[in-house]
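*Asks:* Using the sequences plus the hints, can you model the full thing?
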Amino acid sequence: MAGLVQHKITSDEVNCLIHSYLQDSGFQHSSFSLYNEARLKESPNVHKHIRRGELVELLSKALTYTEVEHHWKDGQLEQNCKAPFSLLEPHTCSDKPHEERPTYGKILATINPDITARVNSTIGTKRKAVTPDASDKRAKLDMETTSSSCKLTKSAATSSAHTPAPTPAPAPAPTPTPAIASTPAAALTPVPPPPAKPSDPHTLYLPGHTAEVFVCGFNPRYHQFLASGAKDAVVNIYTLPDPPLVPDNPITLSFGMTKHGDITTLSWSQQGNLLAVGSYDAILRVLDCRGKEYFKGTSHTGPLFAVRFSPSGNYLLTASLDHTVILWDILHKSMIHQYKFHSNCALDLDWISEDTFVSCGADAQIFIMKLNQPRPIRTLIGHLNEINQIKSNASGTRLATCSDDRTARIWNIEDLCRTPSKPDDIPGLGSNRTDVVVLSGHTHSVSTVLWAPTTLPGSNPLLATCSFDKTARLWDSVTGECYHLFAEHTRPVYAFTFSPDGKYIVTGGGDGKVIIYDIQTKQRKWVWKCASQKRGVFELEWQMPHGTNISRIAMALECHQVALIDASLIEELQSE
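No gaps in the numbering here: position 198 of the sequence shown is 198 in the UniProt record's numbering, and each next residue is one more.
A portion of the hints provided could be inaccurate.
Stated by the list, open to error - Using 25 Å as the maximum straight-line C-alpha spacing, the simulated PhoX-like pairs for lysine-lysine come out as follows: (1) Lys48 <-> Lys391; (2) Lys391 <-> Lys292; (3) Lys522 <-> Lys391; (4) Lys503 <-> Lys48; (5) Lys61 <-> Lys8; (6) Lys48 <-> Lys8; (7) Lys513 <-> Lys534; (8) Lys61 <-> Lys41; (9) Lys503 <-> Lys391; (10) Lys292 <-> Lys333; (11) Lys525 <-> Lys503; (12) Lys503 <-> Lys513.
To be verified - If you anchor each label on the Cβ, the simulated ranges turn out as follows: (13) Gly547 <-> Ser25: 44 to 52 Å; (14) Pro243 <-> His47: 24 to 32 Å; (15) Ala531 <-> Asp435: 43 to 51 Å; (16) Val14 <-> Thr479: 37 to 45 Å; (17) Thr298 <-> Glu13: 44 to 52 Å; (18) Thr298 <-> Ser440: 40 to 48 Å; (19) Asp435 <-> Ser254: 21 to 29 Å.
Since the hints were made in silico from the structure, they are not lab data. Even glycine gets a Cβ: it sits at the ideal position worked out from N, Cα and C.
*Replies:* The following block contains the structure:
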């Protein structure tokens, strides 16, 4: 009949929906099997973006239609039925209260009551930076969801001989690069070759990951080393030859395929000899640059969200969702002190100097502490919601923070450098002695903050922020004025970094775009786009080693890849 909408459902569409559901639920083997058996590679729908939870939403609408079918009779709506609707059982109307069947969680609780408490606690404290299973999606995979109370490729080829790293201290000297790493705490995983993808002259895709890559970082001293960490508890350490050569397969370390083994944070020491790795399993692991375990810390009881070496490399700080910060002695491989001042999750920390550090958390508080003092020397209060990140400027006179209250703030702590510090007798008293510049303008949670490495001629030091409002901003750190708004992303901006020479800022977001801007002209210079269905860009780091012509950007991607952009090949950047 003319005018009627023609409904058409194909088996291929159903297979694509189920495949997306399996991936969202963490059923990687099942999704892989369906992908191959249903030949989804040849499907015209395989590259279409399917929203997370799309299958469940469609089934929910089907149940709603079924309810209308059963309850709309003779032009009237049945009001007294209390029987539920189910996908697998026929509906029979009844005015008797329905007896709820025990859920899987309740059955588990009868076996072990601690299980339910642990699972609920874990889900409730999941933070933005972690991609969990479908049952507890957070912001990086569920691109538009706000946080809760706690927050290709080129085949591996034999490269030229790599320069071995000098003997580090205090860790043992690195041995020549082994074919496989030997460490009692980590099982080594064979690395399958990545699938072939269209050639891109600017981009090199590195093999070695089979899940979403959350973090990556260049070694600050030995520029050939790049570390990355992923959702499946895998850390890769790549030895990179100078471009255009292709690296060998990485040293791959798998820290147990647990449900909550996500690698949430990693950080190199400034000396380049050690790599600290924090995980959702609450374990701190410190490795040398060849992947050998130096020591392991198990004092935390919740996921780690930040690890930071002191400038000398003698100390290490960890921040955890268990509400604590721990100071570690690297030389003696031991815990010095566990600080328990936060009343909620500890989310980030930074070193102000070799003996002074700062932490922030979901309790909206900032604590400044010294190594030899058991209590904070100052407590800063002003944010109205979770503080996601904190960064000290190079001189240690200013702190920059960003928060879910949609603001960033700059705290003047210059007096700490001039006068002896005494602990606050009353927590929070120190906040009255600190000048604060509030940076307002974002319309959603501000997830990342970073000081610019250089200052433009005739201007004040710049600060950058990025937000779930799909924008990044540059700020004058003295006046608090917005220097420029970057608003070309169509999904939340998760990552950004400056070029080491301070000329450019590069942003990456959930839309799969990486955009390079000229800071002085405020103009877009170059755009990279991820062609994968999973397009999120979770972390960026720009490397320009002194005394070399190397300029490259490392990207941690949702599509299970680590990629390198060779910025020296981007013509738009060479004309400067």
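*Asks:* All hints, please: hold or fail.
*Replies:* Hints versus structure:
{"no.": "1", "hint": "Lys48 <-> Lys391", "result": "39 Å, violated"}
{"no.": "2", "hint": "Lys391 <-> Lys292", "result": "30 Å, violated"}
{"no.": "3", "hint": "Lys522 <-> Lys391", "result": "24 Å, holds"}
{"no.": "4", "hint": "Lys503 <-> Lys48", "result": "37 Å, violated"}
{"no.": "5", "hint": "Lys61 <-> Lys8", "result": "17 Å, holds"}
{"no.": "6", "hint": "Lys48 <-> Lys8", "result": "17 Å, holds"}
{"no.": "7", "hint": "Lys513 <-> Lys534", "result": "12 Å, holds"}
{"no.": "8", "hint": "Lys61 <-> Lys41", "result": "29 Å, violated"}
{"no.": "9", "hint": "Lys503 <-> Lys391", "result": "20 Å, holds"}
{"no.": "10", "hint": "Lys292 <-> Lys333", "result": "15 Å, holds"}
{"no.": "11", "hint": "Lys525 <-> Lys503", "result": "11 Å, holds"}
{"no.": "12", "hint": "Lys503 <-> Lys513", "result": "20 Å, holds"}
{"no.": "13", "hint": "Gly547 <-> Ser25: 44 to 52 Å", "result": "49 Å, holds"}
{"no.": "14", "hint": "Pro243 <-> His47: 24 to 32 Å", "result": "30 Å, holds"}
{"no.": "15", "hint": "Ala531 <-> Asp435: 43 to 51 Å", "result": "47 Å, holds"}
{"no.": "16", "hint": "Val14 <-> Thr479: 37 to 45 Å", "result": "57 Å, violated"}
{"no.": "17", "hint": "Thr298 <-> Glu13: 44 to 52 Å", "result": "48 Å, holds"}
{"no.": "18", "hint": "Thr298 <-> Ser440: 40 to 48 Å", "result": "42 Å, holds"}
{"no.": "19", "hint": "Asp435 <-> Ser254: 21 to 29 Å", "result": "48 Å, violated"}
Violated hints, in rising order: 1, 2, 4, 8, 16, 19; the structure is consistent with all others.
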